[in-house]
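Chains as they are written, first to last, in my numbering: chain A, 16 to 332; chain B, 404 to 731.
FYI, nobody ran anything at the bench for these hints, they're computed from the structure.
Incorrect hints may appear among the rest.
[What the hints assert, rightly or not] From the structure, some residues in chain A lie toward chain B, with a derived Cβ separation under 7 Å:
#1 163
#2 167
#3 175
#4 178
#5 179
#6 183
#7 278
#8 306
#9 311
The structure presented is a predicted model; accordingly, all values stated were derived computationally and were not measured.
Ideal placement from N, C-alpha and C gives every residue a C-beta, glycine not left out.
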Amino acid sequence: MSDSTAKQPEPVAPSRLRKVWESDFVYSFRHAPVAVVAASMVTLMVLSALFAPLIAPHNPFDPATLNLMNGFTPPMEPNAFTGEVFLLGTDDQGRDVFSTILYGMRISLFVGFAAVTLAMVLGVTLGLLAGYIGGWTETIIMRIADMQLTFPAILVAMLIFGIAKGITPPEYRNDMAIWVLILAIGLSDWVQFARVVRGATMVEKNREYVQAARLIGRRPVSIMVRHILPNVLNPVLVIATISLALAIIAEATLSFLGVGAPPTQPSLGTLIRIGQGFLFSGEWWILFFPACTLLVLALSVNLLGDWLRDALNPRLK
Amino acid sequence: MLAYIIRRVAQSVLVLLVVGLVAFSMFRFVGDPVDNMLGQERTQADIERLRVELGLDQPFPVQYGKFLGQAVQGNFGLSYRQGRPVADILLERAPATLELAAVSGLMAMIGGIGLGVFTAIRRRGLGANIVMTSSLVGVSLPTFLIGILLIYVFSVELNWLPSFGRGEVVRLGGWTTGFLTESGLKALILPSITLGLYQMTLIMRLVRTEMLEVLRQDYIRFARARGLRERSVNFRHALKNTMVPVITVTGLQLGSIIAFAIITETVFQWPGVGLLFINAIQFVDIPVMAAYLMLISVMFVAINLIVDLLYFAIDPRLRLDRGTGAKA
Chain A
16 MSDSTAKQPE PVAPSRLRKV WESDFVYSFR HAPVAVVAAS MVTLMVLSAL
66 FAPLIAPHNP FDPATLNLMN GFTPPMEPNA FTGEVFLLGT DDQGRDVFST
116 ILYGMRISLF VGFAAVTLAM VLGVTLGLLA GYIGGWTETI IMRIADMQLT
166 FPAILVAMLI FGIAKGITPP EYRNDMAIWV LILAIGLSDW VQFARVVRGA
216 TMVEKNREYV QAARLIGRRP VSIMVRHILP NVLNPVLVIA TISLALAIIA
266 EATLSFLGVG APPTQPSLGT LIRIGQGFLF SGEWWILFFP ACTLLVLALS
316 VNLLGDWLRD ALNPRLK
Chain B
404 MLAYIIRRVA QSVLVLLVVG LVAFSMFRFV GDPVDNMLGQ ERTQADIERL
454 RVELGLDQPF PVQYGKFLGQ AVQGNFGLSY RQGRPVADIL LERAPATLEL
504 AAVSGLMAMI GGIGLGVFTA IRRRGLGANI VMTSSLVGVS LPTFLIGILL
554 IYVFSVELNW LPSFGRGEVV RLGGWTTGFL TESGLKALIL PSITLGLYQM
604 TLIMRLVRTE MLEVLRQDYI RFARARGLRE RSVNFRHALK NTMVPVITVT
654 GLQLGSIIAF AIITETVFQW PGVGLLFINA IQFVDIPVMA AYLMLISVMF
704 VAINLIVDLL YFAIDPRLRL DRGTGAKA
């Protein structure tokens with residue numbers, strides 16, 4: 016929408032920053048408190064995940080700094096033996112829960128972003144090809160998409176994880192787990208992108224600017240990437256945001272089920288899996304804080320996606 | 404109409420063939436079956452003999468054909484981990500999953516339709532707003548967290564309901580049921596809520612949207628003008644016309660309930676097929692994975708097909724243009 020504002024003749028050229036600030040998109044963002052709160056939460060969490068090594072009071076993966084005597088310290092209470100205080104308590108091995116959450120969020124977010132990027136690149140490419148070329152290419156791509164859509168994404172992800180795990184030699188399985196997880200979630204999620212991009216491409220390819228580009232002899236790849244792609248990006252952005260929430264939840268679910276991030280590189284899901292074991296013995300904080308973090312993260316991204324969908328939808332204006 | 408049905412059935416068969424190919428490739432390429440079956444002490448002759456015995460020396464399409472033939476008869480070989488026929492293990496586990504899925508599906512449908520109608524009629528009421536807001540949180544809440552939350556409240560704090568297992572089961576022929584004992588019924592409550600809640604919110608939101616759409620239409624206004632009672636207008640006139648999309652989505656959700664049972668079964672250590680599948684993935688037990696995959700695809704494809712055909716049967720308008728709908 017910022018394009019249409021820019022095209023209008025303006026007496027005094029305002030600074031670029033001011034233009035962005037007053038564009039419809041930013042305006043609707045400033046006036047949606049839910050979106051602002053959600054965006055701040057996501058930013059805060061991404062930043063603290065990025066700078067986890069600087070923020071975390073302990074390094075949960077360095078055995079030298081761990082003291083087993085510190086195990087099961089409740090939040091904000093001094094440990095009975097060492098007298099140390101931990102913001103969110105410690106787990107059975109004396110690891111600071113706050114630090115493990117920061118590092119866990121790092122893995123959750125990394126897997127989420129990487130998986131969505133993979134799904135997006137794959138889906139947009141296949142969608143563009145299907146929509147622009149048509150014919151057999153389209154039939155094959157869309158039939159595969161239909162087929163995959165018959166099954167829930169989480170099931171597809173589990174299956175890909177299982178197969179990939181079978182293929183990798185046992186000694187590499189733990190190191191490869193994160194990458195396998197990204198592959199599994201990414202491959203299970205490309206269909207949405209492909210469907211939307213294909214639909215939009217089919218509309219765009221008959222427009223005059225595409226015909227003009229074709230007339231002056233531009234090659235198909237360049238038409239697809241330079242001309243059509245920028246015009247179908249809006250819905251892709253919305254799907255990507257919603258997919259991010261789904262990918263984070265999918266990652267947590269898989270890790271919780273024990274078919275995701277290994278205990279040596281715990282994500283939020285793995286932490287919840289570990290914490291569940293202490294539910295009955297009264298150490299609630301080991302489970303509670305990672306679960307809350309996951310919930311807030313998923314909810315914020317979801318709300319942001321909801322808002323984005325409305326904001327970028329011209330029909331709702 | 405007939406052409407459409409034939410095309411749909413052909414498509415379903417194709418999907419199953421492809422899934423079969425995936426399942427078969429798992430056997431063929433993930434690990435070496437000969438390796439898995441022979442112990443440490445083996446000779447080259449043993450390996451050759453087993454390869455011929457298993458038919459691994461034959462060309463790929465022949466092997467695939469044989470695999471399909473066996474699969475149709477329910478023969479998936481022995482589980483690498485338990486050393487028993489996979490079909491037996493699956494049959495033993497199936498009742499637990501099916502009972503759980505049936506109860507949660509029923510709960511999702513009754514609760515979803517009821518709440519959907521309620522929130523549509525009292526759109527601006529406080530109750531409806533509370534339900535709508537909590538449903539938004541419910542959608543963001545991963546299934547396994549709901550399960551853990553329920554366990555914490557009802558098993559740990561209140562100590563009312565069991566947190567794992569099926570309780571006592573009664574054996575009826577080849578079927579084990581938890582419906583007939585008190586502990587079995589108690590054990591069903593938490594898992595079925597966990598499993599059904601997400602589907603319930605989906606159905607609720609759908610019914611609400613559809614109801615709001617229908618309630619705006621002229622025939623509803625006319626029914627009101629005729630002086631019919633509110634209840635009659637809402638349920639006999641409005642709800643009836645929301646049923647087409649609701650049936651479609653509910654039908655398609657039936658498949659996801661079976662799939663999401665994997666998560667619920669893991670949280671509650673429910674001895675069903677889903678837990679079996681997760682354990683199979685953890686231990687790379689290929690025959691079990693392949694069998695589960697085949698089983699669940701047959702179920703999914705059948706449900707999709709039935710829903711598509713049902714859609715067609717319910718809505719006469721679709722029969723004119725050769726049915727592009729029913730892809731929810």
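Each hint, compared with the structure:
Among the interface hints, the one on residue 163 (chain A) is violated; its C-beta lies about 10 Å from the nearest C-beta in chain B, farther than the 7 Å criterion. The restraint placing residue 167 (chain A) at the interface with chain B holds, with a minimum CB-CB distance near 5 Å, inside the 7 Å limit. With 7 Å as the threshold, the beta carbon of residue 175 (chain A) stays out of range of chain B, its nearest partner Cβ sitting at about 10 Å, so the hint is violated. A cut of 7 Å between beta carbons decides the hint on residue 178 (chain A): the least distance to chain B is about 6 Å, and the hint holds.
Hint status for residue 179 (chain A): violated, given a least beta-carbon distance of 9 Å to chain B, over 7 Å. For residue 183 (chain A), the interface hint is violated, the least distance from its beta-carbon to any beta-carbon of chain B being 10 Å, above 7 Å. Annotation: interface hint on residue 278 (chain A) violated; nearest CB of chain B at approximately 13 Å, more than 7 Å. Here the hint on residue 306 (chain A) is kept, as its CB sits about 6 Å from the closest CB of chain B, short of 7 Å.
A hinted interface residue such as residue 311 (chain A) counts as satisfied when its beta carbon comes closer than 7 Å to some beta carbon of chain B; here the least separation is about 10 Å, so the hint is violated.
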